[in-house]
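Q: Given chain A, work out where chain B should sit, using these hints.
Residue numbers (the working numbering), protein chains in the order written: chain A, 2 to 129; chain B, 595 to 724.
It is possible that some hints are incorrect.
As the list claims (entries may be wrong) - Away from chain A, derived, C-beta distances all over 10 Å, residues of chain B:
id: 1; residue: 607
id: 2; residue: 616
id: 3; residue: 619
id: 4; residue: 638
id: 5; residue: 647
id: 6; residue: 659
id: 7; residue: 661
id: 8; residue: 684
id: 9; residue: 694
id: 10; residue: 698
id: 11; residue: 699
id: 12; residue: 712
id: 13; residue: 713
Claimed, not checked - Taking lysine to aspartate or glutamate and the EDC-like style, the derived pairs with C-alpha atoms no more than 20 Å apart in a straight line are:
id: 14; chain 1: B; residue 1: 654; chain 2: A; residue 2: 29
id: 15; chain 1: B; residue 1: 654; chain 2: A; residue 2: 95
id: 16; chain 1: A; residue 1: 111; chain 2: B; residue 2: 668
id: 17; chain 1: B; residue 1: 614; chain 2: A; residue 2: 22
id: 18; chain 1: B; residue 1: 652; chain 2: A; residue 2: 16
id: 19; chain 1: A; residue 1: 93; chain 2: B; residue 2: 680
id: 20; chain 1: B; residue 1: 614; chain 2: A; residue 2: 29
Calculated directly from the structure, the hints in this document are not laboratory data. Just so it is clear, the structure is predicted and the values come from calculations on it, not from any experiment. Cβ atoms here follow ideal geometry from the backbone N, Cα and C, with glycine treated the same way.
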Amino acid sequence: MAKKNYIQNILVIDDDEFLLDAIKKKLELDGYRVTISNNVHDAYFKLNIMKPDLILLDIIMPDINGIEFMTLINTEFLLASTPIILMSYLPKKELYNMGYSIGNAHYLAKPFNINHLPAKLNRLTAKA
Amino acid sequence: MKEKQKILSLVPINVERLNKIGNNDVSFTNAMLEKFTLLASECSNDLWQALNKADWLKLKYICHKNIPSYSLLELNELVVLLKSIEKGVEQEKEGVRASVELMFRKNNEVVKAINEYLTLRTNVKDPHPY
Numbered sequence: 002m003a004k005k006n007y008i009q010n011i012l013v014i015d016d017d018e019f020l021l022d023a024i025k026k027k028l029e030l031d032g033y034r035v036t037i038s039n040n041v042h043d044a045y046f047k048l049n050i051m052k053p054d055l056i057l058l059d060i061i062m063p064d065i066n067g068i069e070f071m072t073l074i075n076t077e078f079l080l081a082s083t084p085i086i087l088m089s090y091l092p093k094k095e096l097y098n099m100g101y102s103i104g105n106a107h108y109l110a111k112p113f114n115i116n117h118l119p120a121k122l123n124r125l126t127a128k129a
Numbered sequence: 595m596k597e598k599q600k601i602l603s604l605v606p607i608n609v610e611r612l613n614k615i616g617n618n619d620v621s622f623t624n625a626m627l628e629k630f631t632l633l634a635s636e637c638s639n640d641l642w643q644a645l646n647k648a649d650w651l652k653l654k655y656i657c658h659k660n661i662p663s664y665s666l667l668e669l670n671e672l673v674v675l676l677k678s679i680e681k682g683v684e685q686e687k688e689g690v691r692a693s694v695e696l697m698f699r700k701n702n703e704v705v706k707a708i709n710e711y712l713t714l715r716t717n718v719k720d721p722h723p724y
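Okay, chain B solo, but in the shape it has when bound:
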């Protein structure tokens, strides 16, 4: 039990919500988590590219597109950050750089935590109920 709690505490997302969507289908939850790590990496890269090209419309679109996925996993801090970038683009443009940098760091932390969680989870014989 302690091991399960330790694993659960590693991941900053609501895994239970994914489990419920897939009716406790472990392979579905794992596939979604893996997919999210790709999405998060892509989100970081796209934000950087748009910022460096000063492509404000694209920056706004990237935030808008990603908010529902981050919300689905209840990554609320990052949702707030995406919303602030989206709004900041309309108001101060260059001022959003700090938020994009923070998003990049937070995204890396989440991806790392999910990967660690998936590795540990595959080493546990009974992956339920998380």
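In isolation and in its complexed conformation, chain A is listed as follows:
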């Protein structure tokens, strides 16, 4: 059953495949269409062929971190109006200390209970 609100297609990018499978299952059962990527190269490829309504993006990944990837895809795929939720267990303050700003993106602290994820998504995106 597809969701009735404006968010239907979600792209989840995380190098933790175990977590990816759990998130995909939970969100699909909640009515979303979910695409997963376990690296930014695959995610970049998928963004060429799909337009997600929401992106869940891990911050600490090999090759390029989530914040840099967010800047890249915002420019290349004109995703300024697409909500992006950055996930990390680094506190926001530590990200700032590392010189990163999450800009207009939402922030979801890891670890989180995946059973609460649909409600969290609703809350975060409702504030947008």
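A: What follows is chain B alone, placed relative to chain A:
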């Protein structure tokens, strides 16, 4: 009922949380448990390799990457261990060897318990509610 309780007591993880994620889809829970045993073995091997190469950045990354999965299954003791290795890498480097060794042993115990649980579970006619 006794048999179910015995099986449940074997596994040191929160199976109920996985059941809830998959809406009591037994095949999903089994697949996730099997996947976790591979992840845990890989985690142990990667930690050893990084430690032996004194690749501290990789050691830190492996811990960071795996913490959410271990948290998902509420393997809290191992989460604490991963966090201590991650932090220890920044502070004392060689001192993390003992923690990696302990992680290796604990991981083996968890993998063994999950495999035993999966074997027993497949032999029970009614696998619910666990």
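Q: Now, for every hint given, state plainly whether the structure supports it.
A: Tested hints:
In this structure residue 607 of chain B is separated from chain A by more than 10 Å, as the shortest Cβ-Cβ distance comes to about 12 Å. Residue-level check failed: residue 616 of chain B sits 5 Å from the nearest beta carbon of chain A, not beyond 10 Å. Interface exclusion of residue 619 of chain B from chain A breaks down, the closest Cβ pair being 8 Å apart, not more than 10 Å. No Cβ of chain A approaches the Cβ of residue 638 of chain B within 10 Å, the least distance being about 15 Å, so the stated non-interface status holds.
A cut-off of 10 Å between C-beta atoms confirms that residue 647 of chain B is not in contact with chain A; the least separation is 16 Å. Not every CB of chain A is more than 10 Å from the CB of residue 659 of chain B (nearest about 6 Å), against its label as outside the interface. At roughly 6 Å from the closest C-beta of chain A, the C-beta of residue 661 of chain B falls inside 10 Å, breaking its exclusion from the interface. Annotated as non-interface, residue 684 of chain B keeps its C-beta farther than 10 Å from every C-beta of chain A; the closest such distance is 12 Å.
The non-interface label for residue 694 of chain B is consistent with chain A: the shortest C-beta to C-beta separation is roughly 20 Å, beyond 10 Å. For residue 698 of chain B, the shortest C-beta to C-beta distance to chain A comes to about 19 Å, beyond the 10 Å cut-off, and the non-interface label holds. Interface exclusion of residue 699 of chain B from chain A stands, the closest Cβ pair being 21 Å apart, more than 10 Å. Distance check on residue 712 of chain B: its Cβ is at least 16 Å (rounded) from any Cβ of chain A, clearing the 10 Å threshold; non-interface status holds.
At the 10 Å boundary, the C-beta of residue 713 of chain B stays outside the reach of chain A, the nearest C-beta of that chain being 21 Å off. Note on residue 654 of chain B and residue 29 of chain A: the hinted pairing is violated, with a Cα-Cα distance of about 32 Å set against a maximum of 20 Å. Between residue 654 of chain B and residue 95 of chain A the alpha-carbon distance is near 16 Å, which keeps this suggested pair within the 20 Å criterion. At roughly 13 Å between alpha-carbon atoms, residue 111 of chain A and residue 668 of chain B fall within 20 Å of each other, so this suggested pair holds.
Between residue 614 of chain B and residue 22 of chain A the CA atoms are separated by roughly 14 Å; this keeps the pair inside 20 Å, and the hint holds. Only pairs whose Cα atoms come within 20 Å are accepted, and residue 652 of chain B paired with residue 16 of chain A is accepted, the gap being roughly 14 Å. Between residue 93 of chain A and residue 680 of chain B the alpha-carbon distance is near 18 Å, which keeps this suggested pair within the 20 Å criterion. Of the pairs offered as hints, the one joining residue 614 of chain B and residue 29 of chain A holds, with about 13 Å between alpha carbons and a cut-off of 20 Å not exceeded.
Of the numbered hints listed earlier, those contradicted by the structure are 2, 3, 6, 7, 14.
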